[in-house]
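Undergrad: Sequence:
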Amino acid sequence: MSAPAPPAVVDAEPLPRQEEVLTEAALAFVAELHRRFTPRRDELLARRAERRAEIARTCTLDFLPETADVRADDSWRVAPAPEALNDRRVEITGPTDRKMTVNALNSGARVWLADFEDASAPTWENVVLGQLSLIDAYTRRIDFTDPVSGKSYALRPDAELATVVVRPRGWHLDERHLTDADGTPVPGALVDFGLYFFHNAQRLIDAGKGPYFYLPKTESHLEARLWNEVFVFAQDHLGIARGTVRATVLIETITAAFEMEEILYELREHASGLNAGRWDYLFSIVKNFRDGGARFVLPDRNAVTMTAPFMRAYTELLVRTCHRRGAHAIGGMAAFIPSRRDAEVNKVAFEKVRADKDREARDGFDGSWVAHPDLVPLAMESFDRVLGDRPHQKDRLREDVDVRAEDLLAIDSLDAKPTYAGLVNAVQVGIRYIEAWLRGMGAVAIFNLMEDAATAEISRSQIWQWINAEVVLDNGEQVTAGLAREVAAGELANLRAELGEEAFAAGNWQQAHDLLLKVALDEDYADFLTLPAYEQLKG
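Read in order, the letters of the sequence shown correspond to residues -19 to 519 in the working numbering.
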């Protein structure tokens, strides 16, 4: 069979140095990935819809009977971690623009999650120039001076830099700027993975590291199996030894929480760990059980901490599963953004971050995430106290943990209830985040928290859920479409007053307001906010 033609670049303004990323050979590699794996991707997306319909019918989930043998077999383990990924006690996350690339690599964190997914709006510029930032970092051509601030950014010596783990987009997102001969878009996941792997795999191996990935939005072990097939083909195609790729899977969907062992099993030659992703996990609960009535109604998002019984069950199971199979267990995000003006805000927030990281380290996690370089030392202290000189604590098998299906689904075990302030916050975060996303920014500081697409998803999902479950708030008001519109109109007026007429008009505020209400009020719940938002994203 002849090789497929490289995908055509459509509807895109030329970018500086794009020819270094979009080479004929790199695009041919992406085309082969697309030809081989997009049909199966499409089948698995259809399977998601079928499974969601089954959950709507039964209002329950359970561990899979057909994979019981995998769970019962004590003999298998994932591949040993390479040296560069053996100590992951603090990981920093962020998009792949040049400034973030330098700051993250220099941050003192052991790992940088270089994000093409939730922290990056998928403009063509972000997709291509993000790849260029990573190539330039590995070839030490990333140093630059900010033309606005005049501040210089330069990489520290190689030995002091964080190990890069790239997060491609989820299976559900297409890349409209690259299409095959039939005009079919290439999945964004294959574009992000393919370009990065093609340009950097051998370079990373030569430097004593390797092509490492975070896999987002995984909903089943079959989706993990597809990623494993992609890895095997990519390594064989470029003459790289099988098992060189390492993947950490985000357990950020409720369905994946019931298939953790199976996901590690499918990827065992390439697996390095699992991660507990809080906001997307809550979003997935609402999405899958949105017809389940009061039992599945979540309170204000900030009231659902990792100590909530059903969240604790999820994280305890994750640690036990990972350590039983020799994988790293990576904890959740500390999203606080330190204030330059309010020391008291910082003091309170730092104490919360410290308590959260202390809990994760005590529970057996091998590392955790932060969103800002100032939080790296804080998180490092928590894990240093528990780990000492050890790179991880996989020897803590957590055999005391016994999590059942009903524990993972005990959403109503939380005392907190939805509040009017929570509704207002959901609207505020939703509008402010979407407005920035439409300007090409995927990671946005809002009210001293780093918000990304996951937090916008839980915000709009909670509005939808509260309306459809006819929730009554703490002030006695029932959540209705009318109340949501009233709160959104108030937020728009507040933003106009806060920003001034000229700055307000220059932004995408009305567009963001309208899009939030569309995905929060439509009877047909959109699977992902980013799907209709992508249709409105320029660039």
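Rather than coming from a laboratory, the hints here were simulated on the basis of the structure. Hints may contain errors.
[Unchecked claim] Straight-line alpha carbon distances no greater than 30 Å define the calculated DSSO-like cross-link-like pairs of lysine-lysine that follow:
{"hint": "1", "residue 1": "Lys131", "residue 2": "Lys79"}
{"hint": "2", "residue 1": "Lys332", "residue 2": "Lys397"}
{"hint": "3", "residue 1": "Lys79", "residue 2": "Lys397"}
{"hint": "4", "residue 1": "Lys518", "residue 2": "Lys498"}
{"hint": "5", "residue 1": "Lys327", "residue 2": "Lys397"}
{"hint": "6", "residue 1": "Lys79", "residue 2": "Lys327"}
{"hint": "7", "residue 1": "Lys518", "residue 2": "Lys397"}
{"hint": "8", "residue 1": "Lys518", "residue 2": "Lys79"}
{"hint": "9", "residue 1": "Lys189", "residue 2": "Lys79"}
{"hint": "10", "residue 1": "Lys131", "residue 2": "Lys397"}
Since this is a predicted model, take the numbers as computed values, not measurements.
Undergrad: Hint by hint, note whether the structure agrees.
TA: Results of checking the hints against the structure:
no., hint, in the structure
1, Lys131 with Lys79, "10 Å, holds"
2, Lys332 with Lys397, "21 Å, holds"
3, Lys79 with Lys397, "41 Å, violated"
4, Lys518 with Lys498, "19 Å, holds"
5, Lys327 with Lys397, "27 Å, holds"
6, Lys79 with Lys327, "27 Å, holds"
7, Lys518 with Lys397, "38 Å, violated"
8, Lys518 with Lys79, "22 Å, holds"
9, Lys189 with Lys79, "23 Å, holds"
10, Lys131 with Lys397, "46 Å, violated"
Hint compliance for this structure: hints 3, 7 and 10 are broken, all remaining hints hold.
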